[in-house]
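> Protein sequence lines correspond, in order, to chains B and X.
This note's numbering puts the first residue of the first sequence at 4, with every later residue one more than the last.
This note's numbering puts the first residue of the second sequence at 215, with every later residue one more than the last.
Keep in mind that the hints are not guaranteed to be accurate.
Stated by the list, open to error - Far from chain B by the CB rule (all over 12 Å, computed), these chain X residues:
1. P237
2. L261
3. G316
4. G359
5. L363
6. T378
7. T408
To be verified - Facing chain X, a subset of chain B residues (Cβ under 10 Å, in silico):
8. A73
9. G81
10. E82
11. L83
12. R84
13. L98
14. P100
15. R103
16. K139
17. R157
18. E158
19. L163
Just so you know, the hints here were simulated from the structure itself, not pulled from any lab data.
Note that CB positions come from ideal geometry on N, CA and C, so glycine has one too.
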Amino acid sequence: MAVHPAVPLNDAPVTDRPAGPVAVRASGLSRAFDGRGILHDIDLEIRQGEFVVLLGRSGSGKSTLLRILARLDAEFDGELRVPDRPSVAFQDSRLLPWNRVIDNVTLGLTDKDAKRRAAELLAEVGLADRARAWPKTLSGGEAQRAALARALIREPELLLMDEPFGALDALTRIRMHRLLRTLCERYRPGVLLVTHDVDEAVLLADRILVLTDGRVSLDLTVDLPAAGRRHTQEFTDLRTRLLTELGVEDDDQ
Amino acid sequence: MLVALWFVATSAGWVDARTLASPAAVWDAAQRLLETGQLQDNLLVSLQRAMTGLAIGVTVGVVLALVSGLTRVGEFLLDANLQMLRSMPILALVPLAIVWFGIGEEVKILLVSLAVMFPIYLNTHAAVRGVDSRFVDLASTVGLGRIALVRRVILPGALPGFFTGLRFSVAIAWLVLVVSEQINASSGIGYLMTQARNIGQTDVIMVGLVVYALLGLISDTLVRLLERKALTWQSTLQSR
Numbered sequence: 004m005a006v007h008p009a010v011p012l013n014d015a016p017v018t019d020r021p022a023g024p025v026a027v028r029a030s031g032l033s034r035a036f037d038g039r040g041i042l043h044d045i046d047l048e049i050r051q052g053e054f055v056v057l058l059g060r061s062g063s064g065k066s067t068l069l070r071i072l073a074r075l076d077a078e079f080d081g082e083l084r085v086p087d088r089p090s091v092a093f094q095d096s097r098l099l100p101w102n103r104v105i106d107n108v109t110l111g112l113t114d115k116d117a118k119r120r121a122a123e124l125l126a127e128v129g130l131a132d133r134a135r136a137w138p139k140t141l142s143g144g145e146a147q148r149a150a151l152a153r154a155l156i157r158e159p160e161l162l163l164m165d166e167p168f169g170a171l172d173a174l175t176r177i178r179m180h181r182l183l184r185t186l187c188e189r190y191r192p193g194v195l196l197v198t199h200d201v202d203e204a205v206l207l208a209d210r211i212l213v214l215t216d217g218r219v220s221l222d223l224t225v226d227l228p229a230a231g232r233r234h235t236q237e238f239t240d241l242r243t244r245l246l247t248e249l250g251v252e253d254d255d256q
Numbered sequence: 215m216l217v218a219l220w221f222v223a224t225s226a227g228w229v230d231a232r233t234l235a236s237p238a239a240v241w242d243a244a245q246r247l248l249e250t251g252q253l254q255d256n257l258l259v260s261l262q263r264a265m266t267g268l269a270i271g272v273t274v275g276v277v278l279a280l281v282s283g284l285t286r287v288g289e290f291l292l293d294a295n296l297q298m299l300r301s302m303p304i305l306a307l308v309p310l311a312i313v314w315f316g317i318g319e320e321v322k323i324l325l326v327s328l329a330v331m332f333p334i335y336l337n338t339h340a341a342v343r344g345v346d347s348r349f350v351d352l353a354s355t356v357g358l359g360r361i362a363l364v365r366r367v368i369l370p371g372a373l374p375g376f377f378t379g380l381r382f383s384v385a386i387a388w389l390v391l392v393v394s395e396q397i398n399a400s401s402g403i404g405y406l407m408t409q410a411r412n413i414g415q416t417d418v419i420m421v422g423l424v425v426y427a428l429l430g431l432i433s434d435t436l437v438r439l440l441e442r443k444a445l446t447w448q449s450t451l452q453s454r
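Chain B with its partners taken away, still in its complex shape (with noise of 0.2 Å):
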């Protein structure tokens, strides 16, 4: 049985507070593999505290462009600054398997404090009495609780997160999205959430970018309230805005 998070969640709007320092600055990334271009001249502003929900269709250069920023890829033209140690949440919760649930959170921590730290966040995420367990006996909702816990506990100035969700039922979904929301709102990262969900994009985001063969080819400010989005007229107009972007019709009107 699954324990749901026991933090509060704030309904309070997003886009009301004010922006904090730079998070992440590139301006010109470009990336090519064996001579083929991936990404083209990106240029990008991420300041902590901001949601930034980077669409793409697949091989549209997204997961490259967050390996770059995640400091996995080294190969790229163009400027870039990123803090030195940004968090990374990956679509597998990539848990070692051979290491306890709260070894894993503490993950090339050295500090005396951080298991204490680490038990703390497994609270905030739900998951107080899973610190012992072993990984593989986690749901794939509880893993990627784990994974959020072991990205948080760094405080990192910037947040990268590779479809995290996306192996996930739609249940778990929703429970994770309130949470990340929560968290987010608490420990006020840079993030930059990669997705080919637009409904999740809309959801969450403050700002929404859409990368298509490699370039940014929309930049847009949700002015959303924080929480009951899915329930606006904006919401609608916004998502079929989105899926035209990326190339579907949206039928369902």
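Keeping the supplied structure of chain B fixed, place chain X upon it in accordance with the hints.
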């Protein structure tokens, strides 16, 4: 089943006692050998040889696997050579080993070590190479250095492969020991059996066989236990 068949065949006189001793005769022989202390002494010698050889072979195998699995130079220098050597049956080295080293303790330990090293090397090397590169990415995003990467990610990730190698190795250790003790030794279970063969004591030969079988079984069980203990994280069906 097999023991029952053996019992019936020998007691009914289908098989001549000089060809195959009956279980009762084997039991008597074992008692006799225990009383004179021959069995214990030779067993101890064999056990010591196997363990020493195993320890050396496993250590060398693991070190080589890590060097060639983790460094490009190591891979270049070691892997092709070891892959080539492994296709040679170790037992074919016995005559050469006798010429070089005589029939001392070192030869037997050397042969066991050498034979044990290959399965350890091959399996551990493959496991080190096979550690999921996604975990290596993860390690870099959480800022693990090279040593921490090896300690926290690569070694534990390669452990299941190492244990596969270890189980092969233990079986091979006994095999090589038996053969080399029968060819060039003045002590050990293999020697005991060779002596018995020379004077036609099938009961003693059978005792040796049973002891070898038991040793193989016990050591495999021990390795399995060790494996279960070290790889608790793999058994997913418990807890929860």
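> Give a verdict on every hint.
Evaluation of the provided hints:
1. Taking the minimum C-beta to C-beta distance to chain B, about 47 Å, the non-interface status of X/P237 holds against the 12 Å cut.
2. The Cβ of X/L261 sits about 32 Å from the closest Cβ of chain B, beyond the 12 Å cut-off, so the non-interface label holds.
3. For X/G316, the requirement that its beta carbon stay farther than 12 Å from each beta carbon of chain B is met, with the minimum near 46 Å.
4. Here X/G359 does not stay apart from chain B, with its beta-carbon only about 9 Å from theirs, under the 12 Å limit.
5. Distance to chain B contradicts X/L363 as a non-interface residue, since its nearest Cβ pair spans about 10 Å, not more than 12 Å.
6. In this structure X/T378 is separated from chain B by more than 12 Å, as the shortest Cβ-Cβ distance comes to about 16 Å.
7. At roughly 46 Å, the least C-beta separation between X/T408 and chain B is larger than 12 Å, which holds for a residue marked as non-interface.
8. The beta carbon of B/A73 comes within 6 Å of a beta carbon in chain X, closer than 10 Å, and the hint placing it at the interface holds.
9. Annotation: B/G81 was flagged as interfacial toward chain X, and the flag is violated, the nearest CB pair being 21 Å apart, outside 10 Å.
10. The criterion of a C-beta within 10 Å of any C-beta in chain X is not met by B/E82, whose closest approach is roughly 21 Å, and the hint is violated.
11. Because the smallest distance between the Cβ of B/L83 and any Cβ of chain X comes to about 16 Å, over 10 Å, the interface hint for this residue is violated.
12. Proximity of B/R84 to chain X is violated relative to the hint, the smallest CB-CB distance being about 17 Å (cut-off 10 Å).
13. With its C-beta approaching chain X no nearer than about 9 Å, B/L98 sits inside the 10 Å limit, and its interface hint holds.
14. Evaluation of the B/P100 hint against chain X yields a held restraint, the C-beta minimum of about 5 Å falling below 10 Å.
15. Because the beta carbon of B/R103 sits about 8 Å from the nearest beta carbon in chain X, less than 10 Å, this interface hint is met.
16. Taking 10 Å as the C-beta cut-off, the interface hint given for B/K139 holds, the closest approach to chain X being about 4 Å.
17. The criterion of a C-beta within 10 Å of any C-beta in chain X is met by B/R157, whose closest approach is roughly 8 Å, and the hint holds.
18. Violation of the interface hint for B/E158 is found here, the shortest Cβ-Cβ separation to chain X being roughly 13 Å, above the 10 Å cut-off.
19. Taking 10 Å as the C-beta contact cut-off toward chain X, the hint placing B/L163 at the interface holds, the least distance being around 8 Å.
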